[in-house]
Amino acid sequence: MSNVRPHKYDTHLMRIEIDDLSRPAIQDLLSEHLANMYELSPPEQVFALDLSKLKSPDITFWTVWDKDLLLGCGALKELTSTRGEIKSMRTPAKLRGRGAGRAVLHQIIETARQRRYSLISLETGTHPAFLPAQQLYRSAGFQESGPFANYKEDPHSLFMELRLPESAG
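Numbering (UniProt numbering), first residue to last: 1 to 169.
Take the hints with a grain of salt, since some may be wrong.
[As the list claims (entries may be wrong)] Capping the alpha-carbon separation at 27 Å, the derived lysine-lysine pairs in DSS-like fashion look like this: (1) Lys-53 / Lys-152; (2) Lys-67 / Lys-94; (3) Lys-55 / Lys-67; (4) Lys-55 / Lys-152.
[Unchecked claim] Now the in silico label distances, taken between C-beta atoms and shown as ranges: (5) Arg-138 / Glu-44: 36 to 42 Å; (6) Leu-95 / Lys-55: 30 to 36 Å; (7) Ser-145 / Leu-95: 27 to 33 Å; (8) Leu-131 / Ser-56: 26 to 32 Å; (9) Ser-52 / Pro-165: 20 to 26 Å; (10) Ser-118 / Ser-56: 30 to 36 Å; (11) Ala-129 / Leu-51: 20 to 26 Å.
Simulated from the structure, these hints should not be mistaken for laboratory data. Cβ coordinates follow ideal geometry from the N, Cα and C atoms, glycine included.
All chains should be built: construct the whole structure from the sequences, respecting the hints.
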């Protein structure tokens with residue numbers, strides 16, 4: 001895979017790479033993600049993307065690995081030349097707490113900075129199961145916001161954003 005980068009968090013050496021979504025492990029994780037979203041939210045309020053939509057050219061998709069063990073994934077969708085959206089953040093239930101979500105979120109934010117985005121937005125759920133994700137985003141500086149892009153205000157959705165300062169130079 002191209003764009004492979006080691007990333008150190010806690011005591012785990014993680015490898016974060018841009019992924020083409022062809023490996024069974026990532027396909028299984030995304031299937032688990034979609035199924036879980038439909039368990040937690042009404043069908044019309046599930047905004048998670050399926051495999052075919054994640055292969056869109058305006059989406060960069062990363063996976064996080066410990067050797068050959070998939071620890072998580074996340075994506076950045078370009079909304080405009082200055083704004084991106086976080087999509088498909090997921091870690092397997094049995095592997096949570098290892099820092100993979102934080103590592104991929106850091107990668108997404110750094111990529112957004114490199115692309116000179118001024119804003120990163122996201123939509124997550126309001127069900128209590130989404131609380132760890134909300135806490136992760138808040139710890140990275142995200143704040144609650146209103147709907148963006150084609151989203152509408154909804155009791156099942158929490159919208160958040162991170163403003164990125166312009167870099168000098």
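So, going through the hints one by one against the coordinates:
1. Lys-53 / Lys-152: Status holds; Cα separation ~20 Å.
2. Lys-67 / Lys-94: Distance ~17 Å between Lys-67 and Lys-94 Cα, so the pair holds.
3. Lys-55 / Lys-67: holds, 24 Å
4. Lys-55 / Lys-152: Given that 27 Å is the threshold and the Cα spacing comes to 25 Å, the pair holds.
5. Arg-138 / Glu-44: 36 to 42 Å: violated, 27 Å
6. Leu-95 / Lys-55: 30 to 36 Å: violated, 24 Å
7. Ser-145 / Leu-95: 27 to 33 Å: Roughly 30 Å apart at Cβ, these two residues keep to the hinted range, so it holds.
8. Leu-131 / Ser-56: 26 to 32 Å: Holds, since Leu-131 and Ser-56 (Cβ atoms, about 29 Å apart) stay within the stated range.
9. Ser-52 / Pro-165: 20 to 26 Å: violated, 35 Å
10. Ser-118 / Ser-56: 30 to 36 Å: Hint violated: Cβ distance 22 Å, outside 30 to 36 Å.
11. Ala-129 / Leu-51: 20 to 26 Å: Taking Cβ atoms as reference, Ala-129 and Leu-51 lie about 22 Å apart, which means the hint holds.
In this structure, the earlier hints numbered 5, 6, 9, 10 are contradicted, and the remaining ones agree with it.
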